[in-house]
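Chain by chain, the residues run as shown.
Protein chains: 2
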Amino acid sequence: MKLVKIAIAQSSCGHNIEENMKKSALQVEELASKGAQIICLQEMYRSRYFCVTEDYKQFELAETIPGPSTELFSVIAKKYQSVIIIPIFEKRTAGIYHNSIVVIDADGSIAGVYRKMHIPDDPAFYEKFYFTPGDLGFKAIQTKYAKIGTLICWDQWYPEAARLTAMMGAEIIFYPTAIGWDATEPQEWGKPQLEAWLTMQKSHAIANGVFVCAANRIGQEEDLTFWGNSFISNPLGEIISQTTHEKETTFCIEIDLDQIEYYRQRWPFFRDRRIDSYSEITKRYID
Amino acid sequence: MKLVKIAIAQSSCGHNIEENMKKSALQVEELASKGAQIICLQEMYRSRYFCVTEDYKQFELAETIPGPSTELFSVIAKKYQSVIIIPIFEKRTAGIYHNSIVVIDADGSIAGVYRKMHIPDDPAFYEKFYFTPGDLGFKAIQTKYAKIGTLICWDQWYPEAARLTAMMGAEIIFYPTAIGWDATEPQEWGKPQLEAWLTMQKSHAIANGVFVCAANRIGQEEDLTFWGNSFISNPLGEIISQTTHEKETTFCIEIDLDQIEYYRQRWPFFRDRRIDSYSEITKRYID
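As they're listed, the protein sequences go chains A and B.
Under the working numbering, the residue at position 72 of the first sequence is numbered 409, and the numbers go up by one with no gaps.
Under the working numbering, the residue at position 104 of the second sequence is numbered 441, and the numbers go up by one with no gaps.
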């Protein structure tokens with residue numbers, strides 16, 4: 338058995354950056370002090386989801402790597418020997434900003450950085466205005482407790498992203514997320530949208546024989562109600578822990594990474610991939 | 338609106354080939370006479386699932402294209418102006434056999450052939466002994482009523498297969514299937530296995546904005562209990578028609594192919610694919 342305790346922190350965000358950071362730090366510290374070994378925060382944990390409008394002023398929220406978030410969580414990581422997954426609004430230089438993840442290893446050092454590869458742009462999710470698409474490719478980052486895959490929100494709709502991340506050796510794929518219901522859309526869309534979101538991520542767990550863990554925010558921001566439902570799925574696509582959309586909460590669950598090999602032997606999808614026939618995946622469309 | 342009536346026929350199979358063919362032909366004729374425009378049979382509809390053992394004698398079951406199955410269903414297709422999807426055990430030549438689909442168009446002609454690309458091999462599913470992996474690539478076949486994608490059973494666990502099929506313009510992906518519970522496995526695996534099978538196929542509908550339709554067999558054959566549950570999912574991953582594992586049955590449902598564009602505009606996953614970053618999909622593993 339290769340046991341690892343993984344955890345997520347789910348919260349709402351207010352207008353005050355310091356308070357958001359403090360709230361998340363408290364959640365993380367509580368989880369770490371109870372033994373959580375890998376802890377994942379939600380997408381852009383330290384601010385409201387500012388992409389609901391295109392507003393130059395919001396660029397002030399961007400931070401560098403290292404920066405305030407890595408400073409804060411490096412100390413906690415080192416103190417408790419926990420790995421912490423921090424999703425930030427990254428300022429790379431003037432005019433280049435990314436939606437990124439920094440992984441802090443258990444010794445407080447930066448283990449790796451991922452920059453969101455798939456950038457959405459829909460009414461109330463104007464991310465293409467803010468974020469340059471990632472140029473670091475997909476990532477599986479070795480940490481003290483596991484090799485972890487890092488993807489962000491919109492990435493979760495792309496089987497290619499999960500596949501490549503798993504092919505690099507990721508044992509758990511983390512999806513920090515900011516997704517919710519839009520009050521301007523018909524209410525009856527709510528359930529199938531949430532179901533589709535769960536279905537896609539469970540499918541990545543199954544197809545790749547990995548654990549998948551999503552950390553989403555909650556709370557009302559403008560017309561958006563973030564739907565929480567942070568969860569973790571085993572390699573069989575079974576949700577083994579899940580929150581609701583109703584409250585700020587955390588969970589910590591012990592998983593056995595040896596299940597990956599167990600399931601991959603029984604469902605040997607990797608064995609039979611027709612890699613001689615996939616090259617057109619790199620096309621936009623096959624006309 | 339671009340309305341199409343699609344249907345599946347789900348049945349058990351006995352040892353008598355003629356009787357199996359007759360049973361399926363009756364199901365198809367009843368569906369067609371009631372207006373079904375595209376009808377899908379289950380994987381290798383005319384025999385028991387012989388891959389439970391490796392037995393040279395079973396090669397006698399293989400048939401050519403054209404052959405008995407195309408002859409039988411061409412007549413029905415033409416009579417009722419229905420498209421029929423016929424999964425067969427194909428004899429290509431001595432020593433080359435495939436697990437294939439023949440699509441008969443509404444005028445009785447052969448619209449296209451697909452040969453199963455991903456071949457499983459697990460206890461009681463010894464398909465690598467019988468079938469050469471397909472060499473025709475993935476297929477989207479234009480028929481009178483829709484452009485249809487054809488994949489078979491084990492293919493359904495591969496996001497690459499669904500993606501490439503959808504990228505070729507398939508509006509509905511059909512998965513003739515022979516999957517079931519194995520009495521030699523723990524009983525508690527049954528529910529998550531069935532759930533995983535549904536999850537994977539719904540995920541293909543969502544990720545690609547297409548309809549997905551699976552036709553599975555039922556019945557007890559050796560240690561296998563085929564789990565039926567033939568279904569159709571809309572592009573949002575909602576199951577809009579589904580059978581159980583308990584009886585021989587059919588369904589016919591009218592779908593609107595214009596929903597594909599509607600959902601793809603609202604969930605524009607195709608727009609944002611990072612085709613500059615997917616080339617390693619053609620590797621076995623990224624070491």
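Source of the hints: derived by calculation from the structure; they are not laboratory data.
Any given hint could turn out to be false.
One copy or any two copies: either way a pair holds, since identical chains are not told apart in the list.
Okay, derived cross-link-like pairs now, BS3-like style, lysine-lysine, Cα gap no bigger than 27 angstroms in a straight line [to be verified]:
#1 K416 <-> K360
#2 K416 <-> K465
#3 K428 <-> K342
#4 K371 <-> K465
#5 K360 <-> K584
#6 K620 <-> K342
#7 K484 <-> K620
#8 K465 <-> K339
None of these values were measured; they are calculated from a predicted model.
Can you list which hints this structure breaks, lowest number first?
-> Result: hints 2, 3, 4, 6, 8 break, sorted rising.
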